[in-house]
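A.B. asks: Listed below, chain by chain, are the residues.
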Amino acid sequence: MKKYWKLITLTIIIMAGIGTFYIYDSLAADAYPAFTIETNSGNEEVIENLLINAHYGTGQNIQPVQITKDEAIYANERSFFERLDGAYLSPERKHLQENYRNFMRGKAIYGSFYEDEEYLVYANVNIDTSALEARSSSIEVSMLDKGTDETTSFVYDIPHSSEVNHVALQDVQLVNDNVTLITQNHSRSQGNLAIHVYEFDAQSHELIREESIISDQAQEQNQFTDMFMLNETDPMSSKDYAVFRNVVREEIRNNDGTYSHEEISNELIAYNLESGKIEDITLTEELKEFGRVNLFDGTNLYFTKSIENGLEVVSYNIKDKKIENEMTVELDQVESSQAPSFPMVNEGGRELAHLTVHDKNLYILSRIGNVEEPADLIVIDLETEETIYEGEISEKGQNRDSDEKYELTITGIEVN
Amino acid sequence: MNRYLKLVNFEFNRFVKIYVVLLAITLITQIIGVILKSREYVANANEAIYQEQLSTSEFLSQYGTMSFDTIVRSVWFLGPIALCAGAVAFYIFLIWYRDWFGKNTFIYRLLMLPTARLNVFLAKGTTILLVTLGFIGFQLIILPIETTILKWIVPKDFRVDMGVHEIIGAIPELHLIFPQSFIEFVLSYGAGMMVVFVLFTAILLERSFRWKGILMGVAYGVVALFIMLSPLLVQDFVVDGYFYISEMVLLEVLVGCIVIALSIWFSNYLLKRKIRV
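Same order as they appear, the protein sequences are chains S and A.
So in the working numbering the end of the first sequence lands on 1279, straight run, no missing numbers.
So in the working numbering the end of the second sequence lands on 355, straight run, no missing numbers.
No lab work stands behind these hints, which were simulated from the structure alone.
The reader is advised that the hints may include incorrect statements.
Restraint-style ranges between C-beta atoms, simulated for each label pair [claimed, not checked]:
hint : chain 1 : residue 1 : chain 2 : residue 2 : range
1    : A       : Ala121    : S       : His1049   : 49 to 59 Å
2    : A       : Ile336    : S       : Glu911    : 28 to 38 Å
3    : A       : Phe260    : S       : Lys1009   : 55 to 65 Å
4    : S       : Ile1115   : A       : Ser324    : 44 to 54 Å
5    : A       : Leu328    : S       : Tyr867    : 31 to 41 Å
Only some residues are given here: those of chain S computed to face chain A with a beta carbon under 8 Å [claimed, not checked]:
hint : residue
6    : Phe884
7    : Tyr885
8    : Tyr887
9    : Asp933
10   : Ile936
11   : Tyr937
12   : Ala938
13   : Asn939
Pairs of lysine-lysine residues, derived as DSSO-like cross-links and limited to a Cα-Cα distance of at most 30 Å, are as follows [as the list claims (entries may be wrong)]:
hint : chain 1 : residue 1 : chain 2 : residue 2
14   : S       : Lys1168   : S       : Lys1185
15   : A       : Lys181    : S       : Lys866
16   : S       : Lys869    : A       : Lys234
17   : A       : Lys290    : S       : Lys869
18   : S       : Lys1185   : S       : Lys957
19   : S       : Lys866    : A       : Lys229
20   : S       : Lys865    : A       : Lys95
Small disclaimer: the values here were computed from a predicted structure and weren't measured.
Backbone N, C-alpha and C define an ideal beta-carbon position, used for all residues, glycine too.
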């Protein structure tokens, strides 16, 4: 034994150093505060599937964290294999990877999905970047028939023309047994942005219709268009409308030689997927004063405005062209924070609260700047306009050393 | 087993003097670095607060707080790590060539030992692994000592304390040598040992066939690289993203084991039949 003492010492150093490092790792979970949703009143069932995405920490050491009703899971607490496939990042991806593991093979994460009772549809636009000059794009579609467990796929090559230079997929839907794709097409010539619809027969895979539904309205050289589809609360589900915001800006040369941009038009446009027609969204003067709407659930648009002690919320039904709800929600802390997020109430650059809609329930989460101030969570039944749940995000257990400069920043909420 | 352990002990004892010197250099240089960097920060703070009449909070908003990752990024800290890594890389070759080119060709005696020649090969590999892990373990043990020194020098209001995990978490470049989870640790050092075994095989090829052996060694390296890349090539060009990333990792582990097994088998053959003394 004696002649091995050097080797034994070395082994002890290895065990002590590396062993404690990785054992400590499993204990380190306790080092981060356990945030939970604490119920003050109401039915806890409505927050069963609520997920809050946030960041915790400052400076160099920021940890993404997901907060649910019972627990807060930090990204570094995920197992190595969980982190690899990234399914935990979104419940949607987790759902797809777990239930349709084989269908999901080779599906780009940035592709679009559509799911109903019978079908799961995946679409993606592939851009061939190997040729420098003429970039050719193709649309790839895969469809899973849940009943027969059969997958059919097809590829459509977008004909190369001077009109189409870059195609960005916005959404895929199944409308009347046709695969409908909504894309944002950029053309080579300056200032040419358009929203296109491609419709394929789900059986024959043939292109039935290709149409530009919204075209660029920039008139002058110095005008720029920004056109985008509003994100919905549940992008995978079937919906009646796709809603776009179309903004035209003008570049103005200031006296001091710098440039600034001025908005010359800003409108919301609804596309009826069933009829394939554009429907105008005409807003009352009062609604136009509201902050930018960013919340859309496939049927209704949600407008919000901050008032002295809370928020004013108006929902607008696109189909009936009328205001559905009009209510005020009392919130203690509607203040600015720097969390860049979508969708949320945004007013003059100030972000006020995170919103989402699920099953006719409106979820509102007041922002968090600091762990010491719990954020309020309110759920309102949109049919009765009554508050059915009140709670707060707060830290469970021991209080942190107040000297430590840490922050919880919420980036979004979703209900699945 | 006993023979193998004896050989490991023997190999490590041949390196132990240089090893202790390297550990001492690491400890001393890093502690000097901690003291200098901390003092520099405190001196800046003193100058700003007493001469430029800044308040503590003004100073902190201008210069920021002091934390250990500032020290880790300096050459005082990374220098010794690089030196140790370089020493291991060099010793992978020296552990074989010293037996041929040292005083009285020692390899002759090693190969004449009444034990399987493969044990010599495995003992050398084990020594490289133990030496490397020893550096890592030593670094992880001295880190808390170094952070304590920082706490002595810099007052509490001016610093943000970091644990060992936070320090390493803050510097992505260190993740390869200090992986964040135990599985990654095993994968990282498993891959390292695979490279060591491939290099050993190349060295033995050179020792068996001399000049021609160098070419054969390079060719063997290329073959090993190709085997390692094959799952990636299949994923990209044959099945078009069929495998999930977690499945790709398992495939890589599988082909890595194949490369290790191939290297050990090939080296065993070379040691038994082809080696020249």
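A.B. asks: It remains to establish, for every hint, whether it holds in the given structure.
C.D. replies: Each hint, compared with the structure:
1. A:Ala121 x S:His1049: 49 to 59 Å: Because 56 Å falls inside the window, the suggested range holds.
2. A:Ile336 x S:Glu911: 28 to 38 Å: 47 Å, violated
3. A:Phe260 x S:Lys1009: 55 to 65 Å: Given range 55 to 65 Å: violated, Cβ gap about 39 Å.
4. S:Ile1115 x A:Ser324: 44 to 54 Å: 53 Å, holds
5. A:Leu328 x S:Tyr867: 31 to 41 Å: Roughly 37 Å apart at Cβ, these two residues keep to the hinted range, so it holds.
6. Phe884: 5 Å, holds
7. Tyr885: Hint on tyrosine 885 (chain S): holds, closest Cβ of chain A at ~5 Å, below 8 Å.
8. Tyr887: Hint on tyrosine 887 (chain S): holds, closest Cβ of chain A at ~7 Å, below 8 Å.
9. Asp933: 24 Å, violated
10. Ile936: This hint is violated: isoleucine 936 (chain S) lies away from chain A, its Cβ roughly 15 Å from the closest one there, beyond 8 Å.
11. Tyr937: Since chain A brings no Cβ nearer than about 11 Å to tyrosine 937 (chain S), farther than 8 Å, the hint is violated.
12. Ala938: Violated: closest Cβ of chain A sits about 11 Å from alanine 938 (chain S), beyond 8 Å.
13. Asn939: 7 Å, holds
14. S:Lys1168 x S:Lys1185: Judged against 30 Å, a Cα distance of about 18 Å means the pair holds.
15. A:Lys181 x S:Lys866: Answer holds: lysine 181 (chain A) to lysine 866 (chain S) is near 24 Å, not above 30 Å.
16. S:Lys869 x A:Lys234: It is violated: about 40 Å lies between the C-alpha atoms, which goes past 30 Å.
17. A:Lys290 x S:Lys869: Distance ~39 Å between lysine 290 (chain A) and lysine 869 (chain S) Cα, so the pair is violated.
18. S:Lys1185 x S:Lys957: 37 Å, violated
19. S:Lys866 x A:Lys229: Since the Cα atoms of lysine 866 (chain S) and lysine 229 (chain A) sit roughly 40 Å apart, the hinted pair is violated (cutoff 30 Å).
20. S:Lys865 x A:Lys95: 18 Å, holds
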